[in-house]
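2 protein chains.
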Amino acid sequence: MKKTPLEEEVLAAIRPRPEEARHIQQVAERILSRIRDVGRAEGMVVGSVARGTWIHGDRDLDIFLLFDPSLTREELEEHGLSLAREIAAAEAESFREKYAEHPYINASIEGLDVDLVPCYRVESACCLQSAVDRTPFHTLYIRERIKPFIDDVLLLKQFAKAGGIYGSDQMTEGFAGYLCELLVLSYGGFSPLLEAASRWRPGIIIDPEGHRARDFSEPLVVVDPVDPKRNVSASVSLTRMCEFIELARGYLKNPGREYFFPPPRPVLSIDEAADLLARRETFLYALVLPTPPFIEEIVVPQLRKSLEAVRGLLDRHGFLVNRADCEMHEEQSMLLFELLVEELPVVVRHTGPPVWNQTNAAKFTTKYHACSERDLFSGPFIDDGLLVVEKRRTYTRAADLLRSPEVLQVALGKHVKQAMERSFSVHRGIECYREEFAPFISSFLQKYSPMTWIARSREKTGPGKGEGG
Amino acid sequence: MKKTPLEEEVLAAIRPRPEEARHIQQVAERILSRIRDVGRAEGMVVGSVARGTWIHGDRDLDIFLLFDPSLTREELEEHGLSLAREIAAAEAESFREKYAEHPYINASIEGLDVDLVPCYRVESACCLQSAVDRTPFHTLYIRERIKPFIDDVLLLKQFAKAGGIYGSDQMTEGFAGYLCELLVLSYGGFSPLLEAASRWRPGIIIDPEGHRARDFSEPLVVVDPVDPKRNVSASVSLTRMCEFIELARGYLKNPGREYFFPPPRPVLSIDEAADLLARRETFLYALVLPTPPFIEEIVVPQLRKSLEAVRGLLDRHGFLVNRADCEMHEEQSMLLFELLVEELPVVVRHTGPPVWNQTNAAKFTTKYHACSERDLFSGPFIDDGLLVVEKRRTYTRAADLLRSPEVLQVALGKHVKQAMERSFSVHRGIECYREEFAPFISSFLQKYSPMTWIARSREKTGPGKGEGG
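These protein sequence lines are chains A and B, in that order. Here the working numbering is used: the first sequence runs in plain steps of one and ends on residue 493. Here the working numbering is used: the second sequence runs in plain steps of one and ends on residue 493.
Here chain A stands alone, though its shape is the one from the complex (with noise of 0.2 Å):
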């Protein structure tokens, strides 16, 4: 597929150097090699590395060690694992034990991140007897047919990079390596991809090898060629596919540098952020958490959780949030609240029981006939059927509330209420900014989707300045 002299400028910028391929190819060749004479499992490097499609600057090396499927699973984590850091001590300057489906080790050995994981060698992708033994089988399957694509794979890659959704971790939520190549494949090239994706609407499905043999409940969905019931794209979240939808529009309409290579978005000083918020007249809220001592993959969903407990817990008290959102740093994690009102009346409607439900009509109206004046202000009255009162507000100040143990009582995730059992702080306005919080709260305030992005910049530096170099 030909590429525009901007895809060819862009290319030559990200194609690995030839040194840095010889270098990348020396250290996995060391390390099959002590594989093969320790003897016990057999060597494979995987991932883009494998086929060609790591980018200038990864410093990614991913080998598995392939063993016998007739061991047990404890016998292969064992085995597997004292492979695996035998190899390590041997090459690596450090290493350190990790965990995803199983342990594996990660190590730093000459400049690169090297992850070496056990799995089993099985015969077929039909037979998997652990989640990373697929592993194997993608590479196995993208390695020949990818060739003709490499450099699409590159652009693509860098493409999502640049707008913020490459990744299929739990933070980014958008597009494996892996899901790349497969779209590229599936639509042959960058390109008829983009054409392609510019139309895509939740709910479209990819399934390069026809064989999907189940339902998914994903905004979009392709379906893993070695297995039928694998949805790769399972981790891309809606706003990260639409933010690639219109990503592409972008670039077919008017293709620029920027695409590739986005200004940087600027983080706010703390006197930039107190104008911003003063002008947008909003009370910001941020509640700060000690980070649980767990993984992200762990913390980032049970975080998300606990925003939209407190979220709901703030609108239930007629605090009305504008927007929401939440940040883990490796101490300190942070919930962030944006309200329109941070002060109510004192007075609150409370709806009780429909009058014609006798016995618990008696009880509401029994109470409340009982009620000193502080504390109601009117009724019971009728109202649609039911009884209602109007009584004292239990906090008429957000911040009230979210230092209340209410907090600890909606449905945090369990290692953040944890946390949060031992301690949190409250922060209005201004005092929510904090130096390592600083970019996260200025792209909180700033909110922009990455064609956002990408459109302001280019007003500022002139149309068509991108365009071509």
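I should point out that these hints are in silico values taken from the structure, not numbers from a laboratory. Just so you know, not all the hints are guaranteed correct.
Each pair may be met inside one copy or between any two copies, as identical chains are not told apart.
Claimed, not checked - Derived pair list, reagent style DSS-like, types lysine-lysine, alpha-carbon separation capped at 30 Å:
no., residue 1, residue 2
1, K171, K253
2, K185, K277
3, K438, K415
4, K391, K484
5, K277, K415
6, K415, K185
Using the hints provided, position chain B relative to the given structure of chain A.
Frame of chain A, contents of chain B only:
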């Protein structure tokens, strides 16, 4: 049905005095004999006087003029009104033409409020030619049957009046006199009716003649014994029905004189109202307009419709309405709103089309990419597949919205809209208080069901005081 000492005491107070009965009979006889003398129609006393179910102090006398059914509608109106005017000219101190389904004469005769209503003398209730033709049949149905229950009807009418639920007019939406009579007849007395009512639910159907000939959507259905297609309690709102249920339960549990003679609801002075409003911490807004020159039955439903329309406008713009009500007076009418929020931040979220609607998405993003930073705070960004911007709010203050042309663009009642197009004023806080609306504002700020009002006044005068007198 035996009455309690309390009920006997009430009856002694509300039964018409002998001289009162004599006087009303004399006036009626005189008018009937004048009708006979003229000879153009047959005269008939209807309503509570004809049935002996009127209450001491009532001044209403209804006399129907029954014309030959062969007259056309135009002839009936012409001859009927001419006869009624002739009678009134001879007997009344003053009189005027009024209009219900067709025109009639309302006259003031020796302290009585006399209606002279022309109708057709149809053979049976199945041959009604106009809505008022039904009334003579109501009297014929009730007159003999009600004799053993006169006291029960008097008690029920006084009970309903005291509870503010007597009258089928648009403002009250309560229980008409004929309905009270039918209810007493159906259940066999005042006490059995209250027993039954305490267990009523919306949807109950009372059908004395067991001849219902259609479905009804109203919460309380009492099928007219003289018309199987008419619900006598069509005018009773769900709220009035429930208030009656509450009062029935309260009276059965702990009867008292207050159920027939409640203490008057206090009218707040401007200072008291200001204090109460300050204590509630809410924001009161009144929209005052010249009352359209039509009868209550036409204006009140239009005021209610307008109230809901303006309430919707306030809600849509983010000004949370706690409660709203309206009131019609001779000269001016008021729409009254109590807000929880009267000012909002300048930022407002505006949701556009879904990203996958390519044409509209392009229009939306093009528009907002070109929007100045002054008017656009964030976006376009994507949320749940939809394009979203945060832009400048048109009305940050409820007062500005209520004074804007938008108020005239919502679904106001026709004549209310015409009146408001000429002029209306917006008042805030205690400035809503105007002498003529003082009782309305007082009961708005201290809203109770009739039952609550009785319970509270008992509390103050001491429990049980009412019992037996």
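Hint-by-hint comparison with the structure:
Taking the shortest alpha-carbon separations for K171 and K253, only the intra-copy value of 26 Å comes in at or below 30 Å, while the best inter-copy value is 82 Å. Taking CA atoms no more than 30 Å apart as the test, K185 paired with K277 passes inside one copy only; the shortest distance there is 20 Å, against 74 Å between copies. When the C-alpha separation of K438 and K415 is checked against a cutoff of 30 Å, the pair qualifies neither within a copy, at 34 Å, nor between copies, at 37 Å. In this assembly of identical chains, K391 and K484 lie within 30 Å of each other by CA distance solely across copies; the values are 17 Å between and 65 Å within a copy.
For the identical chains of this complex, K277 and K415 are inter-copy neighbours only, at 26 Å across copies versus 58 Å inside a copy, given an alpha-carbon limit of 30 Å. Taking the shortest Cα distances, K415 and K185 sit within 30 Å of each other only across copies (29 Å), while inside one copy they are farther apart (53 Å).
In the structure shown, a violation is registered for the earlier hint numbered 3 alone.
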